[in-house]
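Going line by line, the protein sequences match chains C and E.
Using this note's numbering, the letters of the first sequence correspond one by one to residues 1 to 111.
Using this note's numbering, the letters of the second sequence correspond one by one to residues 1 to 114.
It should be emphasised that the hints constitute simulated quantities derived from the structure, not laboratory data.
Just so we're clear, the structure is a prediction, and the values are computed from it rather than from any experiment.
Ideal Cβ positions, reconstructed from N, Cα and C, are used throughout, including at glycine.
You may find that some hints are simply not true.
To be verified - Computed footprint of chain C on chain E; a stretch qualifies when at least three of its residues, placed anywhere within it, have a C-beta under 8 Å from a C-beta of chain C:
id, region
1, 45-58
2, 103-113
To be verified - Calculated pairs, SDA-like style, for lysine to any residue (alpha carbon to alpha carbon, straight line, at most 20 Å):
id, chain 1, residue 1, chain 2, residue 2
3, E, 52, E, 113
4, C, 3, E, 42
5, E, 30, C, 45
6, C, 52, E, 86
7, C, 103, E, 38
8, C, 103, E, 107
9, C, 3, E, 86
10, C, 103, E, 58
11, C, 103, E, 40
12, C, 103, E, 39
13, C, 52, E, 102
14, C, 3, E, 41
15, C, 103, E, 88
16, C, 103, E, 42
17, C, 103, E, 45
18, C, 103, E, 44
19, C, 103, E, 5
20, C, 3, E, 88
21, C, 103, E, 52
22, C, 3, E, 59
23, E, 30, C, 46
24, C, 3, E, 44
25, C, 3, E, 40
26, C, 103, E, 65
27, C, 69, C, 54
28, C, 103, E, 30
29, C, 3, E, 37
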Amino acid sequence: DAKTTQPPSMDCAEGRAANLPCNHSTISGNEYVYWYRQIHSQGPQYIIHGLKNNETNEMASLIITEDRKSSTLILPHATLRDTAVYYCIVGSGGSNYKLTFGKGTLLTVNP
Amino acid sequence: DAGVTQSPTHLIKTRGQHVTLRCSPISGHKSVSWYQQVLGQGPQFIFQYYEKEERGRGNFPDRFSARQFPNYSSELNVNALLLGDSALYLCASSLQGLNTGELFFGEGSRLTVL
C-alpha cells in the first residue's frame, strides 16, 4: 500500500475553511484516496474518497492533484465539532481490502 | 437504524487471561473488520471477514483469532493476554468491503491488561 504523509497538527478558526494536505507520491493507478476522521474516544468516521476526480459531499470536498501524488481535504466552514484526528489513507478498494491508518493530522478548530 | 455495536465497552483483564469481544454489524452488512488502536496511534488492521470467511489478516500473532457467525456478527478472541494488548478494539462493517469506500466503525471495546 502507498504511504501517506500528513502534518501532525493544524489549527483553524471556527467558520473558516480547513484545508488538510496529504502527500501520497507512491500511489499507483488503481489506488483510491480515502479520508476518515476520529473524534476523541469515538470510532473513525468516513468522510470522502476519490480516485482521480475531485469529489464533494455534504461533509467535505476532496481535491486530488492531476499527478495524483497529493490531495487536500477541505472542510468549507469548520465548526468546533470538527476538531478531530483526520486520516488520509491510500488503498485499492475491493471486497478484500484493509485500511492502513497512519497517525493522521490533529485538526483543532478554535472559537 | 442501529449502527455497529460492540460489547463490552470497557473491560479489565490480567496477563495470561483470555478475552472475547463482540460486534454486531449494521443490518445488511456482510463484511466485518477488526482493528486495534493503541494510545496515540492510528488503528491497525487485524482481520476482515466476509460472508463468514476470513478474507484478510494483519500482522498479529496467532493469539488473536476471530470468527463470523451466520447472522454476520463477529467475535474477536485474544488468548494469553500481554500488557501490550491494552488498546481500543474497533469493529467496522461494510456492505461489501471497500467498493463504496466506506467502513462504518463502532465505538470500540477498551481493553486494559494489568
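Numbers of the earlier hints that this structure fails to satisfy, in rising order:
3, 6, 9, 19, 20, 21, 26 and 28
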